[in-house]
Amino acid sequence: KAGVTQTPRYLIKTRGQQVTLSCSPISGHRSVSWYQQTPGQGLQFLFEYFSETQRNKGNFPGRFSGRQFSNSRSEMNVSTLELGDSALYLCASSDGGNNEQFFGPGTRLTVL
Amino acid sequence: GENVEQHPSTLSVQEGDSAVIKCTYSDSASNYFPWYKQELGKGPQLIIDIRSNVGEKKDQRIAVTLNKTAKHFSLHITETQPEDSAVYFCAASTLDSSYKLIFGSGTRLLVRP
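Residue numbers (this note's numbering), protein chains in the order written: chain A, 1 to 112; chain B, 1 to 113.
Hints are not guaranteed to be accurate.
Distance condition first, Cα-Cα at most 27 Å in a straight line; then the derived DSS-like pairs of lysine-lysine [stated by the list, open to error]:
| no. | chain 1 | residue 1 | chain 2 | residue 2 |
| --- | --- | --- | --- | --- |
| 1 | B | Lys71 | A | Lys57 |
| 2 | B | Lys71 | B | Lys22 |
| 3 | A | Lys57 | B | Lys58 |
| 4 | B | Lys42 | A | Lys57 |
| 5 | B | Lys68 | B | Lys22 |
| 6 | A | Lys57 | A | Lys13 |
| 7 | B | Lys42 | A | Lys13 |
| 8 | B | Lys42 | B | Lys68 |
| 9 | B | Lys37 | B | Lys58 |
| 10 | B | Lys58 | B | Lys68 |
| 11 | B | Lys37 | B | Lys57 |
| 12 | B | Lys71 | B | Lys57 |
If you are wondering where the hints come from, they were derived from the structure by calculation, not from laboratory data.
Input sequences plus hints: build the corresponding full structure.
In structure tokens form, the structure reads like this:
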């Protein structure tokens, strides 16, 4: 089975712009979670989707949003980018059976 | 609130020695504890996990122990090899209706040849 894929792998944006990141889970997995990883804050949970429904949301401002499509692919959007949004954004998928989550390689976002 | 503390932040061992990384969690409802290994430029890789109904789990050179009373869990790597060098993260989760993981701050392990 192919692993979790994320596109793009690298992205450079300027303050005030918006960005959309994409995640394709492992085939058959219906849960997709998103995490932000920074040197200062570590790995922080953004949100989780299961069968197109957001089941949980972390403590991030409303500028961070996401959605999941019927094929389980997910996108996250960050609007009005700030310098502090520079981070590695990781997506993880799960088959919904036993909590095991498998991560993709991440999208490295740099905000200038 | 939910919190996972991880120690040490860095660990340097000689090849062949053992390495131990410890984590403490705050949410008594947590019942799933995975460990991830992250190499440079890659996403975290699940290496082992344990659930609250089990006290210890082993997979070749890697073992994890859980003390629910003390809210402690630990990763043990025996016979370390240079390819074990990476950043290791512990995490905790509640087996409820979502898969939110609370991560520790990470341990950078260096195995010296």
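Hints and how they fare:
1. B:Lys71 <-> A:Lys57: OK: Lys71 (chain B) and Lys57 (chain A) at ~25 Å, within 27 Å.
2. B:Lys71 <-> B:Lys22: Holds. Lys71 (chain B) to Lys22 (chain B) sits at ~11 Å (cutoff 27 Å).
3. A:Lys57 <-> B:Lys58: Outside the cut-off at roughly 33 Å; violated.
4. B:Lys42 <-> A:Lys57: Judged against 27 Å, a Cα distance of about 24 Å means the pair holds.
5. B:Lys68 <-> B:Lys22: Holds, at roughly 13 Å.
6. A:Lys57 <-> A:Lys13: holds (25 Å)
7. B:Lys42 <-> A:Lys13: Holds. Lys42 (chain B) to Lys13 (chain A) sits at ~22 Å (cutoff 27 Å).
8. B:Lys42 <-> B:Lys68: violated (31 Å)
9. B:Lys37 <-> B:Lys58: holds (16 Å)
10. B:Lys58 <-> B:Lys68: holds (18 Å)
11. B:Lys37 <-> B:Lys57: Holds - the C-alpha atoms of Lys57 (chain B) and Lys37 (chain B) are around 17 Å apart, at most 27 Å.
12. B:Lys71 <-> B:Lys57: Distance ~16 Å between Lys71 (chain B) and Lys57 (chain B) Cα, so the pair holds.
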